[in-house]
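Residue numbers (the working numbering), protein chains in the order written: chain A, 1 to 463; chain B, 1001 to 1301; chain C, 2001 to 2318.
Since the hints were derived computationally from the structure, they do not count as laboratory data.
Bear in mind the structure is a predicted one, so any value in this text is a computation, not a measurement.
Beta carbons are placed, not taken as given, at the ideal position from N, Cα and C, and that holds for glycine.
A few of these clues could be false.
[As the list claims (entries may be wrong)] Computed footprint of chain C on chain A; a stretch qualifies when at least three of its residues, placed anywhere within it, have a C-beta under 8 Å from a C-beta of chain C:
#	stretch
1	58-69
2	76-84
3	176-183
4	206-220
5	298-310
[Said to hold, decoys possible] Label-pair distances were calculated between CB atoms; the ranges are:
#	chain 1	residue 1	chain 2	residue 2	range
6	C	Leu2043	A	Leu463	48 to 56 Å
7	A	Thr315	C	Gln2072	36 to 44 Å
8	B	Leu1198	C	Val2044	26 to 34 Å
[Unchecked claim] Just some of the chain A residues that point at chain C, by a computed CB distance under 7 Å:
#	residue
9	Val141
10	Ser144
11	Pro260
12	Lys261
13	Leu435
14	Gly437
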Amino acid sequence: MSRIKLSNRFGSVTRRDFLATGTAITGGMLAAGYGGAPLRAQSTKQGTVRVWGEPGPYAGVAVDAMNEWASANAPGLKFEIETVGWDSVYVKLMTDLAAQQPPHLISVESPIAYQLMAEGLLSPVDDVVEKVGADRMIEGVSFSDWGAWKGQQFVLPAHHQPHLLMVRMDVVEELGLGDPDTWTWDDMLNAARTIQEKTDLDGIALALGRNLCTDYHFAALLHSAGGRMFDASNNFEVAFDSPATVEALEFVRDLQPYMPKGALEYSFLQVVDAMVTGKVGMVFYWGRVYGRAAEEAPDIYKAIQSFNHAAHPTTGNRFNWNDFQGWSIPEPNNPYVDEIKAALAYYQTKREWLVRYCHSLVPNVSPVYRDVVEDPTLKEHAFFEDKERTILTYYRDSLPHSSNTGNELRGGANPLAGIVHGRSILAQTVQKVVLDGTKPADAAKWGAGQLEMVRKEHLRLVL
Amino acid sequence: MSIRVQRDWGEIVRRAVRYVVLGAVTFVVCFPLIWALLTSIKPTGEIFTSPPTWLPKELVVEHYSALIHGKPMYFESGSDYTPDTSPTQHFLSWFFNSVVVAFGAAFISVAIATLAAYSLTRFRYHGRRVIPYLSLLGYMMPPIVLVFPLFLVIVDLGIANSLWSLVFGYVSITMPFCTWLLWAFFRGLPVEIEEAGLIDGASRFQVFYQIVLPSALPGIIAAVIFSVIVAWNDYLFARIFINSVQNLTLTVGVMHFFEGVHVNWGLMMASAVLMTLPLAALFMFFQRHLVAGFGAGGVKG
Amino acid sequence: MAPTGQASRPRAVDPDEGSLRRWWAEIRQHDTHVGVLFILPFLVACLVFMVYPVVQVVRMSFYYRNPLRPDQWQFIGLDNFRAIFGDELFWDSFYQATIWTTSSIVLQALLGVAFALLLHYPLRGINVFRGLLLFPYIVPTAVIALMWSWIFNPEIGVLNHVLMTLGIIDENIYWFSTPNMAMGSTIALSVWKYTPFVVICVLAKLQTIPLELYDAARVDGAGPLRRFRDVTLPNLAEVLMVVVVFRTIWTFNKFEEIYLLTKGGPGTSTFNLAIYSFEQSIANLKLGVGAATGVVMTAMLLAGSILYLRVMRFGQED
């Protein structure tokens, strides 16, 4: 990589010299090596484009793709990935904003993106959507799910990542618990109880700690029960103090005896640990587990499959919490908006890059464009051999059941969700029930009160 | 004769008891490091066996070599393409950064503190009694609050995202304690030799270089080690002041081996060992000076 | 280092070299000027990196500031202070911070003195033990928090496994699951990591206690306990006092240990004021409230330290 960089930098000097005298021959010759790339350098800007990505290899792949664009079209620019852990996103964001030097391109969890979008901190990307292809979206979702506000698109889809019901099929089959794909809440509860009683595994592990993972796990149950935090169609009035919330809380309470005792302190890591080390029969989780299991515990890897969540007995809903993660371009003090848009359009129209992006973490990083899902090369990955159904559930079949705290029941982006998560309001509500023994109805009231405070303090965002 | 033998036996038993107690306490205290060391030489598959194995069945250096050679760390089962962003490839530069920042900050901090402490103890001017106490005020404001305005200072100085930002950041948090320590230490040093030197016609600077510095060495070493440890340990400043992956220090850098859902324990523990050993060596080597320096520093109010 | 006098004697001032050199020469002649010159870097560094940021925090505590909108400053007087004093969580955090600080400090002091006594005794190889026992102090918190969360993992952690194997417990202990356990575990981390600091200071002082004092006590017929009470402890009093002040300030303001280990949970049961301030600033997007919390913490520590030092009559003999 460093060798390529060097030659580009050298090339850029040559190119600018020639452009200055009106001859583009050298530039054309140099650029010709990149196939379909335009014949002439399009941007002479110099510098580093700071790109934020989650921990994981995928954002790095996208950045490689954008650098491929830069080496042909903006030789003075280099896209550089800065991996920002989930815990540090807000700290980094606010300090960088305060110092007037925000990153130039970010890929963060959707609730945060929605919040930034409503704050007016992002540059609209409708023009990029046009270039990428407005009709490419996979069935069941639309661009606006990734982040549209007041008629403008602010987030360009990168991938989506839902959590699903992950099941140890060896255990479920041995106990004759049926096809998890047809389960209702009652069946799942029964399965958890049976596993707990008849094996030395715990039935199910959900995160119950004071953290994001608990927020996301609970949100899926809340939405399936028909509940929500805010009502997007009614000025985001708080709608949390409802029978549906109580029902979801009661369900968590009912499941608790079949969870590991330590679940009260579980976050992302511990839930995965429980599954990969073979301590538990079921978890709610994103696709990342498969990579880790394949590497560390091949037997577990063979035994697990993922399904859409169990259906709520009356509503029939099977909502997951899906992170519609995309690229957004912070506007303040950003000299590279045009270049970033061009680079995004470049990588999003090159199918091989999009496939590589998905391949970097199968099946966690789900494709968003129809042509990518249908591309035969997407299946050229070892995991497809025995996990095709699971992978396609993450990729495609989860979408009709996708919801998100920042876009509840897909009724429209909600800029308050990031703050709710920052303060762990959902997790604390759950903990009131499972830890303090508070009545679900009272916990729901408490949570609604907290949400009311968030709404009141940030009213200007939603009106 | 027989009495002496008996006494020796008592002494031997007493010593043995002490060794046993020391050994037990040391084992408990050092258990995390022992566990880290054992984990770091286990193959990935063995790290998670349940119940855990004590000694590795198979001894491997893969985690160490991954850190030093920058091997990719993500699960790429079935994927042909590897992004150019594997965190391991930066380990050596993180290490280098940590060393530069920790020792740079320690050097500047202790240099400033030494001059200040000398001035506070050997010259007469208003405020010289209050300054050491006032400097401690800085500690009373929690760093988590202070870090935001401090970052703005760093940005205004134009050194954000550079190692200088951390050097100055750590100087700001170590300097008050170093000054306090050396101030107390200098007060304990006899002034007679210095006065004799001055009477003999040596300048203040000569006295400072040739008489004061050598005799203050234990205090200075203690202050340096304190500063190095604080800087080497910091997470908050490094997380906020630095953007580029390659400019990070070890504490923030190795968090890249923690993916939120998965900690690459082999890499994490190998880096924990590599992060701790240099300081541990330093600590062992200078432990005597550290103790001497802190002693004088703590004694005098 | 022997004085080498001549080599570094100042050269005569060359009249051509201008005012800078003359100014320098002048400074060197006035002793007080030299003194001021020596303390100058310290004062400048304090001003830029300490006083200025502290002033900024104090200023911010009177404003409404949303970190996502750095351009907007809105003066709101004492509202931030009213907000925190009226917030139940603030008082809970204060109470918990007091428990966490007090327990940590008491345990650190007790264990610190015990370990120091153990390490003071001359034994062959004692230096190795000294080095090893002081080691937790040098392990970065970020790493140790992860290590602990793994070692303390209730189901797959090695600690429960060891305790089970040794027959000390019958079923897994859930180290962070209940408020009390979580508080206990964070205190344990603090004690584990910072006791060495106390050990260093106490050990240092122990080495300066004249042996004659012990001999005299022994002649008076004092047993080991009496000797400890009558000789060791009084001699340690002063250093312990200083160490307690420093450690209290540092522990009260600690953020990383708790944040990385429990995030303040379960519920808000391990919140201390630093976490409270952080949550107000970042999660709640109210920098002003976070800053006000910092100001209140500073005031508490300041008042506490002054009171403590007064009561202990510290530094009076000077």
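How the hints compare with the structure:
For the stretch 58-69 of chain A, the assignment as covered by chain C is violated, since 0 residues bring a beta-carbon within under 8 Å of that chain's beta-carbons and 3 are needed. Interface restraint, the stretch 76-84 of chain A with chain C: violated (0 residues with C-beta to C-beta distance below 8 Å; minimum three). Only when three residues or more bring their CB closer than 8 Å to a CB of chain C does the claim for the stretch 176-183 of chain A stand; here the count is 0, and the claim is violated. Coverage of the stretch 206-220 of chain A by chain C holds in this model, with 3 residues showing a Cβ closer than 8 Å to a Cβ of that chain against a need of three.
Counting residues of the stretch 298-310 of chain A whose CB lies closer than 8 Å to any CB of chain C gives 0, so the stated coverage by that chain is violated, three being the minimum. For Leu2043 of chain C and Leu463 of chain A, the Cβ-Cβ distance of about 51 Å falls inside the hinted range of 48 to 56 Å, so the restraint holds. Between Thr315 of chain A and Gln2072 of chain C the CB atoms are about 43 Å apart, so this pair conforms to the stated range of 36 to 44 Å. With their beta carbons about 27 Å apart, Leu1198 of chain B and Val2044 of chain C fall inside the hinted range of 26 to 34 Å.
Hint on Val141 of chain A is violated. Least Cβ distance to chain C is approximately 27 Å, over the 7 Å limit. The interface hint given for Ser144 of chain A is violated, since its Cβ lies 22 Å from the closest Cβ of chain C, which is over the 7 Å cut-off. With 7 Å as the threshold, the beta carbon of Pro260 of chain A comes within range of chain C, its nearest partner Cβ sitting at about 6 Å, so the hint holds. Nearest Cβ of chain C to the Cβ of Lys261 of chain A: about 5 Å, under the 7 Å cut. The hint holds.
Proximity of Leu435 of chain A to chain C holds as hinted, the smallest CB-CB distance being about 5 Å (cut-off 7 Å). Contact between Gly437 of chain A and chain C, as hinted, is not supported at the beta carbon level, the nearest pair being about 12 Å apart and thus beyond 7 Å.
The earlier numbered hints that this structure contradicts are 1, 2, 3, 5, 9, 10 and 14.
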